[in-house]
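**Student:** Sequence:
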Amino acid sequence: MKIAFCGGVLALLLLTACENTKTKEYYLDHPDEIASDLSECQKSGKNTYNCNQATLAQYQLKSKVPQTP
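Using this note's numbering, the first residue of the sequence shown is number 1, and each one after it goes up by one.
If you're looking for bench data, these hints aren't it; they were derived computationally from the structure. Among the hints, erroneous ones may be present.
[Stated by the list, open to error] Heads up, simulated DSSO-like pairs for lysine-lysine below, C-alpha to C-alpha not over 30 Å straight-line:
| hint | residue 1 | residue 2 |
| --- | --- | --- |
| 1 | 43 | 62 |
| 2 | 62 | 22 |
| 3 | 24 | 64 |
| 4 | 62 | 24 |
| 5 | 22 | 46 |
| 6 | 46 | 24 |
| 7 | 22 | 64 |
| 8 | 43 | 64 |
| 9 | 46 | 62 |
Turn these sequences into a full structure, and let the hints guide you.
**Tutor:** Shown next as structure tokens:
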């Protein structure tokens, strides 16, 4: 019984740790994904690593001053 319980707990931990993490640099290279990922963050109500990184990238992109030729 203990083995089955420990196996179940281990499987649960492994499944929850499988989120594909994205860095701020990833979002800066793929700005089209920022809005969709932030929308998912709002829907789920979770504050994950990806949510934080997408927010940082969005802020950085919005605060850039346009370069003049």
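**Student:** All hints, please: hold or fail.
**Tutor:** Hints and how they fare:
1. With a CA separation close to 23 Å, the supplied pair residue 43 and residue 62 stays within the 30 Å bound.
2. A hinted pair counts as satisfied when its Cα atoms are at most 30 Å apart, and residue 62 with residue 22 qualifies at roughly 19 Å.
3. Note on residue 24 and residue 64: the hinted pairing holds, with a Cα-Cα distance of about 15 Å set against a maximum of 30 Å.
4. About 14 Å separates the Cα atoms of residue 62 and residue 24, which keeps this hinted pair within 30 Å; it holds.
5. For a cut-off of 30 Å, the pair hint linking residue 22 to residue 46 stands: about 15 Å separates their Cα positions.
6. Distance check on the hinted pair: residue 46 and residue 24 sit about 18 Å apart at the alpha-carbon level, within 30 Å; holds.
7. Distance restraint check for residue 22 and residue 64: the Cα-Cα separation of roughly 21 Å lies within the 30 Å cut-off, and the hinted pair is therefore satisfied.
8. At most 30 Å may separate the alpha-carbon atoms for a hinted pair to count; residue 43 and residue 64 meet this at roughly 28 Å.
9. Distance hint between residue 46 and residue 62 is fulfilled; the C-alpha atoms sit about 23 Å from each other, no more than 30 Å.
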